[in-house]
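Trainee: Protein chains in written order, with numbering that gives the first Met the number 0: chain A, 0 to 335; chain B, 0 to 335; chain C, 0 to 322; chain D, 0 to 322.
Check each hint, because a few of them may be wrong.
[What the hints assert, rightly or not] Dumping the calculated DSS-like pairs for lysine-lysine here, alpha-carbon to alpha-carbon at most 25 angstroms:
id: 1; chain 1: D; residue 1: Lys250; chain 2: A; residue 2: Lys183
id: 2; chain 1: C; residue 1: Lys273; chain 2: C; residue 2: Lys287
id: 3; chain 1: B; residue 1: Lys56; chain 2: C; residue 2: Lys106
id: 4; chain 1: C; residue 1: Lys201; chain 2: A; residue 2: Lys117
id: 5; chain 1: B; residue 1: Lys183; chain 2: C; residue 2: Lys29
id: 6; chain 1: C; residue 1: Lys163; chain 2: C; residue 2: Lys201
id: 7; chain 1: C; residue 1: Lys12; chain 2: C; residue 2: Lys163
id: 8; chain 1: C; residue 1: Lys250; chain 2: B; residue 2: Lys183
id: 9; chain 1: B; residue 1: Lys294; chain 2: A; residue 2: Lys294
id: 10; chain 1: B; residue 1: Lys335; chain 2: A; residue 2: Lys294
id: 11; chain 1: A; residue 1: Lys323; chain 2: A; residue 2: Lys294
id: 12; chain 1: A; residue 1: Lys335; chain 2: B; residue 2: Lys335
id: 13; chain 1: D; residue 1: Lys106; chain 2: B; residue 2: Lys117
id: 14; chain 1: D; residue 1: Lys201; chain 2: C; residue 2: Lys163
id: 15; chain 1: A; residue 1: Lys183; chain 2: A; residue 2: Lys323
id: 16; chain 1: A; residue 1: Lys56; chain 2: C; residue 2: Lys174
id: 17; chain 1: B; residue 1: Lys56; chain 2: D; residue 2: Lys268
id: 18; chain 1: A; residue 1: Lys183; chain 2: D; residue 2: Lys163
id: 19; chain 1: D; residue 1: Lys201; chain 2: D; residue 2: Lys174
id: 20; chain 1: C; residue 1: Lys174; chain 2: C; residue 2: Lys106
id: 21; chain 1: B; residue 1: Lys183; chain 2: B; residue 2: Lys323
id: 22; chain 1: D; residue 1: Lys29; chain 2: A; residue 2: Lys56
id: 23; chain 1: A; residue 1: Lys335; chain 2: B; residue 2: Lys183
id: 24; chain 1: C; residue 1: Lys12; chain 2: C; residue 2: Lys279
id: 25; chain 1: A; residue 1: Lys335; chain 2: A; residue 2: Lys294
id: 26; chain 1: D; residue 1: Lys273; chain 2: D; residue 2: Lys250
id: 27; chain 1: C; residue 1: Lys201; chain 2: D; residue 2: Lys201
id: 28; chain 1: C; residue 1: Lys250; chain 2: C; residue 2: Lys29
id: 29; chain 1: C; residue 1: Lys174; chain 2: C; residue 2: Lys268
id: 30; chain 1: B; residue 1: Lys335; chain 2: B; residue 2: Lys323
id: 31; chain 1: D; residue 1: Lys268; chain 2: D; residue 2: Lys279
id: 32; chain 1: D; residue 1: Lys163; chain 2: C; residue 2: Lys174
id: 33; chain 1: D; residue 1: Lys273; chain 2: D; residue 2: Lys287
[To be verified] Now the stretches of chain A that chain D is said to cover, found in silico as 3 or more residues with beta-carbon under 8 angstroms:
id: 34; stretch: 209-216
id: 35; stretch: 309-319
Because the hints were derived from the structure by calculation, they are not lab data.
Where is the CB? At the ideal position from N, CA and C, for every residue including glycine.
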Amino acid sequence: MTEMMLREAIAQTLHDEMLRDSNVVVLGEDIVGGMGTEGGPESTGGIWGTSGGLFDKFGPNRVIDTPISESAIVGAAAGLALSGKRPVAEIMFADFVGVCLDQLWNQLAKFRYMFGGKTTCPAVIRMSYGAGLNAAAQHSQSVYSLLTALPGLKVVMPTTPADAKGLLTTAIRGSDPVIFMEHKALYAVRGEVPEGEYMIPFGQARQVRAGRDVTIVACGLMVSVAEAAAAGLEAEGIGCNVIDLRTTSPIDEDAILDSLEITGRLVVVDESPPRCSLATDIAGLASQHAFSSLKAPIQLVTAPHTPVPFARELEREYLPSADKVQAAVRAVMAYK
Amino acid sequence: MTEMMLREAIAQTLHDEMLRDSNVVVLGEDIVGGMGTEGGPESTGGIWGTSGGLFDKFGPNRVIDTPISESAIVGAAAGLALSGKRPVAEIMFADFVGVCLDQLWNQLAKFRYMFGGKTTCPAVIRMSYGAGLNAAAQHSQSVYSLLTALPGLKVVMPTTPADAKGLLTTAIRGSDPVIFMEHKALYAVRGEVPEGEYMIPFGQARQVRAGRDVTIVACGLMVSVAEAAAAGLEAEGIGCNVIDLRTTSPIDEDAILDSLEITGRLVVVDESPPRCSLATDIAGLASQHAFSSLKAPIQLVTAPHTPVPFARELEREYLPSADKVQAAVRAVMAYK
Amino acid sequence: MQLDRERLLRAYKNMKIIRMFEERLHEEIKTGEIAGFTHLYAGQEAVAVGVCELLDDEDKIVSTHRGHGHCLAKGCDVIGMMKEIYGRADGLCKGKGGSMHIADIEKGMLGANGIVGAGAPIAVGAAMSAKLDGRGKVSIAFSGDGACNQGTTFEAMNMAVVTKVPAIFVFENNKYSENTGVDYAVGTASDIAGRAEGFGMKVWRANGSDFFDVYNTMLDLLDYVRAGHGPAAIEFDTERFFGHFEGDPQKYRGDGELARIRDQRDPLKQFRLKAVELDKIDLSDLDKIDEDVAALIEAAVTQARAADAPSPEDVLTDVYVSY
Amino acid sequence: MQLDRERLLRAYKNMKIIRMFEERLHEEIKTGEIAGFTHLYAGQEAVAVGVCELLDDEDKIVSTHRGHGHCLAKGCDVIGMMKEIYGRADGLCKGKGGSMHIADIEKGMLGANGIVGAGAPIAVGAAMSAKLDGRGKVSIAFSGDGACNQGTTFEAMNMAVVTKVPAIFVFENNKYSENTGVDYAVGTASDIAGRAEGFGMKVWRANGSDFFDVYNTMLDLLDYVRAGHGPAAIEFDTERFFGHFEGDPQKYRGDGELARIRDQRDPLKQFRLKAVELDKIDLSDLDKIDEDVAALIEAAVTQARAADAPSPEDVLTDVYVSY
Ligand SMILES: Cc1ncc(C[n+]2csc(CCOP(=O)(O)OP(=O)(O)O)c2C)c(N)n1
Ligand SMILES: Cc1ncc(C[n+]2csc(CCOP(=O)(O)OP(=O)(O)O)c2C)c(N)n1
Ligand SMILES: [Mg+2]
Ligand SMILES: [Mg+2]
């Protein structure tokens with residue numbers, strides 16, 4: 000085990016996988032940094048600090064810095080994947096899915112199906128997402144609900160450096176297109192990371208905390224919010240079973256349903272706006288398949304049906320907080 | 000009242016609104032048809048038969064035929080709206096939202112909020128959607144769940160010619176951006192349409208059929224599927240309350256919750272794939288706010304988590320059918 | 000890659016296959032047996048065949064909604080394609096794709112595409128792959144005069160220039176995007192190649208009704224690209240013989256326009272005229288091919304009609320490799 | 000629109016406001032009081048002011064992530080902007096937008112924009128509106144050398160040519176998109192105007208560090224566009240004096256590069272030199288303006304600091320007019 004930041008776990012994993020498999024190619028805007036400048040390539044090394052050193056080591060044909068053209072980036076990843084390569088593309092902010100959705104949704108996600116199962120399309124599209132940095136309406140969104148809805152894509156959301164390594168390795172070595180979502184506020188989070196080969200299968204949630212009163216389901220940054228809420232509630236004698244989904248597609252239905260059999264009470268914490276969200280997705284799952292276990296109305300703690308606001312006071316109110324989660328837990332506990 | 004097809008109701012409404020308000024401008028690919036050809040403008044008159052005659056009457060500055068550039072079409076609608084016009088843009092197939100999502104999601108939908116409420120953005124974006132014509136994975140999708148999730152947009156789904164007129168008029172005269180979704184399989188549906196001014200407020204569902212046993216919520220083409228199912232079930236003595244949402248954003252929560260108070264049983268019929276869908280959205284609503292009324296697990300009848308397949312036999316299986324809805328209704332009735 | 004007799008005969012045969020495939024579909028679609036939207040490629044045969052004759056299975060192409068010609072020219076199985084268009088279980092894509100989504104990765108055919116403009120970026124990715132492999136392979140994006148206005152096409156051209164990959168942008172200017180004329184929709188008054196040049200690419204132009212012109216110009220272009228000079232573009236002046244989609248009344252056409260182009264700009268007629276001048280080929284050779292192709296297409300339709308429909312459960316398979 | 004004394008003084012004042020606004024932000028951001036991502040426009044003042052001096056409130060502009068200069072030049076309130084950047088309740092956008100989303104529709108300023116390349120299509124829509132109104136108004140899209148590679152920008156240029164609307168594409172080539180040099184990312188080796196020309200537009204080029212060159216070239220360009228000849232494009236050679244965003248260590252810069260451009264390509268310095276040559280203006284006039292502007296910026300910061308934060312409930316308002 001080595002302690003490192005989540006961003007370092009990603010950089011290291013990219014490095015290790017490129018070393019292991021010469022078909023792995025990375026591409027994206029400024030992933031090299033300094034192309035065409037006096038400072039030269041690698042003078043900056045990637046906006047998020049997740050690709051530094053790769054260009055010097057693997058060269059321009061495997062580490063491809065691109066113009067600002069997100070559709071062409073994702074399309075190129077698709078073309079690389081169809082040609083037998085394993086591209087890892089970076090979209091700087093998940094909000095930019097707006098300018099490349101077609102390539103994700105109508106191309107990458109559907110090739111295998113449209114072509115009758117006769118091809119694989121092993122592309123990983125990494126993107127930073129989420130609010131908390133006062134980056135306002137176009138640089139703060141939690142795009143995972145939208146992407147989870149799209150058949151053909153897998154959606155992965157690491158919350159710890161170890162998970163980042165284990166899940167990214169699985170993503171790169173897999174045969175399906177994967178959206179790999181990195182919360183901006185988690186890049187600097189530190190944690191122990193296993194050395195050597197380390198893979199985490201998709202669709203297996205992580206139990207963050209055990210408890211028998213209420214099930215709290217969360218993913219990404221919201222896991223820490225759920226955890227903080229649960230820690231506080233323990234003092235009140237309320238035991239929360241906190242589940243980190245790790246991947247929202249596929250989703251670990253069993254982890255949720257098994258927990259609901261014990262608790263009968265569900266709170267979902269979701270950074271997305273409420274409509275057609277991951278929160279409602281899980282409510283749908285529970286209300287179909289855990290109906291007889293449920294003892295109280297499901298509580299969905301989400302962002303409001305608004306864009307992400309800029310000012311600190313507004314963004315703070317926008318985001319689900321430990322307070323709101325605690326209120327939701329108390330509400331499901333109080334229900335008679 | 001005049002009988003006409005849904006496509007005619009749309010063409011007529013566009014015409015009437017352009018006549019009434021010189022700020023109404025329409026734009027889109029081939030909405031004139033024949034630009035730059037020997038046949039000349041209006042030689043075809045729009046792919047869907049929803050814009051014929053407008054060019055000859057209102058001229059090229061108000062009826063703007065565009066190149067194949069969906070982002071620029073929606074962006075231009077946004078620019079027109081910010082400049083005091085009332086654009087009605089046509090995106091030929093809702094699937095093409097993939098190439099213009101940014102303009103819908105990060106621009107149109109957010110201007111008012113990002114600009115602190117200091118502007119309105121009255122743009123209507125019309126698009127044909129839905130399966131049933133064997134148009135395969137990229138021309139058959141039910142994009143409404145995705146768009147309903149986006150704060151700042153309203154989403155409208157007419158099912159009858161009269162509703163098409165009433166809802167489109169409301170959309171054009173309103174002050175917010177509206178997505179107006181026209182199911183391809185409904186264009187030729189006939190019905191009586193009120194003459195003269197006719198507006199239907201958003202957020203008011205239509206009760207298609209009354210019943211006290213089960214609530215069936217549907218929208219768009221699925222309303223007719225729900226209706227057919229309900230008609231068959233009546234013979235078995237099961238009374239279904241069939242609700243046509245008309246608009247999915249805003250959604251008529253009261254219509255659903257009031258009905259659930261009576262029936263306690265909910266079936267949702269949704270043409271979208273299941274994850275983070277309108278179906279789960281309504282399940283989320285019910286499991287939060289109608290928990291005490293619910294007598295059985297909620298049944299969600301949706302498309303599967305797959306792209307839309309091409310072959311007739313596959314697409315038929317893909318789409319929710321009256322049979323599947325009946326099975327769901329029987330399941331909720333049988334639950335003890 | 001000189002045009003010897005064998006190559007000439009094969010090129011003619013491939014063009015004829017496309018022509019008869021499309022003419023037959025035009026008839027079969029009227030019977031109602033074929034579902035969905037179908038866009039016929041007839042009239043543009045010289046482009047698909049002239050380009051693909053110079054490629055092997057490791058060279059890639061990405062096609063469009065009007066993809067049958069590209070698929071056939073790149074070697075997709077005629078019978079498998081016909082079955083796919085009929086939506087059969089053993090169609091090339093198991094009935095899941097249909098006319099607009101035919102692909103055969105083994106043949107270097109990365110898919111027809113229902114989204115106008117989606118192909119060019121994908122071709123750039125395949126070109127990146129080719130450059131990485133360093134074996135002189137190329138990747139081709141076919142685009143129409145309508146698709147050339149889509150943002151993705153422009154992004155792809157710039158990215159190909161920046162990354163100096165062996166991508167080739169083949170613009171088939173058949174003068175129409177659906178019902179709109181190219182003079183209206185392309186800002187540079189129907190000059191598509193000039194715009195590609197503006198992106199910093201070397202460009203070529205050729206007569207897309209003339210196989211020999213297509214082939215010889217591509218020979219030159221491919222020399223340039225395979226040598227590692229980066230991307231290139233070519234505009235072909237061509238014609239579509241049928242409507243935009245099957246069912247299109249084509250009211251945007253001028254009087255006599257269709258008759259004129261079918262008479263004067265038919266790649267197969269022109270091939271016949273020129274081929275015999277070359278003295279390597281007799282018309283009887285070509286007549287023989289016509290017969291063979293007719294039999295092949297007949298067999299394809301017969302087999303497609305007789306083939307099994309997919310079973311409903313198959314709707315759920317092939318979404319993921321594993322999930 | 001001759002450059003009389005009054006106009007010259009105003010132009011200088013507006014450039015100075017931008018400069019001091021940005022220099023002050025550069026300092027204030029270090030205190031941690033200002034949240035979010037901020038991109039400073041200093042160095043490019045002559046472009047924003049030279050362009051906007053020739054517009055009135057009915058002419059529209061659409062800006063970028065680096066939008067303060069465009070906003071100020073188009074007449075947005077200095078204090079309202081500062082408050083917005085501080086995220087205050089009475090900021091220009093009530094604290095909901097912040098630096099990247101400042102807009103003032105009354106002034107014809109249709110918004111800064113956080114999505115690179117999103118502005119050009121919106122400007123085309125505003126130009127369609129201007130053409131419909133027929134009063135000779137124009138609509139301007141500002142784009143960077145990075146944004147010029149985005150598909151939306153290309154689509155917008157083509158659509159403007161096709162629809163012959165009074166859209167103007169102003170490319171501010173400051174040589175960098177984030178950490179990437181223009182020579183790398185623009186396929187035509189840093190020539191952006193040439194590519195616009197490839198789209199069928201008349202193009203101009205000018206020195207974006209020289210207000211007089213910007214102004215006079217725009218005078219010519221605007222004559223052309225306002226006369227109804229359709230869209231046009233212009234490329235300005237310019238420089239950004241700060242990092243891409245506040246906090247950028249700028250390791251991609253060459254040794255002494257920043258000192259050199261600040262010395263040789265400063266629009267304010269150059270204005271001072273040329274203005275006195277013109278004999279209409281004394282340096283003391285400009286010094287007086289400097290003082291006034293300093294006081295204005297000081298007041299803006301003081302007021303912004305003192306202003307109320309939005310109240311949390313406001314997160315829910317202004318999404319729709321009615322819902
Ligand atoms: C993104 C997108 N926009 C619009 C369409 C509808 N559409 C299909 S083909 C076509 C015209 C394409 O014209 P062109 O590129 O010239 O190809 P051609 O049909 O002439 O082969 C259009 C508008 C589409 N399929 N995808
Ligand atoms: C669609 C999109 N892609 C990427 C970004 C991230 N980004 C913001 S500014 C920028 C560089 C823009 O360069 P340029 O257009 O030259 O403008 P400048 O910063 O020089 O003013 C990038 C890549 C973005 N905001 N939006
Ligand atoms: Mg065409
Ligand atoms: Mg720049």
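Trainee: Verify the proposed pairing of Lys201 (chain C) with Lys201 (chain D), using a straight-line Cα cut of 25 angstroms.
Mentor: 22 angstroms, holds
Trainee: Under the criterion that the straight-line Cα-Cα distance not exceed 25 angstroms, is the pair Lys163 (chain C), Lys201 (chain C) satisfied?
Mentor: Given pair Lys163 (chain C), Lys201 (chain C) holds - Cα atoms ~12 angstroms apart, limit 25 angstroms.
Trainee: Three residues or more, CB to CB closer than 8 angstroms: is that satisfied between the stretch 309-319 of chain A and chain D?
Mentor: Satisfied; 8 residues make the cut.
Trainee: For the pair supplied as a hint, Lys174 (chain C) and Lys106 (chain C), is the alpha-carbon distance within the 25 angstroms limit?
Mentor: Violated. Lys174 (chain C) to Lys106 (chain C) sits at ~29 angstroms, over the 25 angstroms cutoff.
Trainee: Mind checking the alpha carbons of Lys163 (chain D) and Lys174 (chain C) for me, to see if they're no more than 25 angstroms apart?
Mentor: Since the Cα atoms of Lys163 (chain D) and Lys174 (chain C) sit roughly 20 angstroms apart, the hinted pair holds (cutoff 25 angstroms).
Trainee: Given the proposed pairing of Lys56 (chain B) with Lys106 (chain C), does the C-alpha separation stay at or below 25 angstroms?
Mentor: Given that 25 angstroms is the threshold and the Cα spacing comes to 52 angstroms, the pair is violated.
Trainee: Lys335 (chain B) and Lys294 (chain A) were given as a pair; does the straight-line alpha-carbon distance stay at or below 25 angstroms?
Mentor: 16 angstroms, holds
Trainee: Does Lys163 (chain D) lie within 25 angstroms of Lys183 (chain A) when you go C-alpha to C-alpha?
Mentor: 43 angstroms, violated
Trainee: Against the 25 angstroms threshold, does the CA-CA distance of Lys56 (chain B) and Lys268 (chain D) hold or violate the hint?
Mentor: Since the Cα atoms of Lys56 (chain B) and Lys268 (chain D) sit roughly 56 angstroms apart, the hinted pair is violated (cutoff 25 angstroms).
Trainee: Given the proposed pairing of Lys335 (chain A) with Lys294 (chain A), does the C-alpha separation stay at or below 25 angstroms?
Mentor: 8 angstroms, holds
Trainee: Do the alpha carbons of Lys12 (chain C) and Lys163 (chain C) lie within 25 angstroms of each other, as the hint requires?
Mentor: Roughly 35 angstroms between the alpha carbons, so the hint for Lys12 (chain C) and Lys163 (chain C) is violated.
Trainee: Do the alpha carbons of Lys29 (chain D) and Lys56 (chain A) lie within 25 angstroms of each other, as the hint requires?
Mentor: Distance ~36 angstroms between Lys29 (chain D) and Lys56 (chain A) Cα, so the pair is violated.
Hints 3, 4, 7, 14, 16, 17, 18, 20, 22, 23, 26 and 34 from the list above are not met by this structure, while the remaining hints are.
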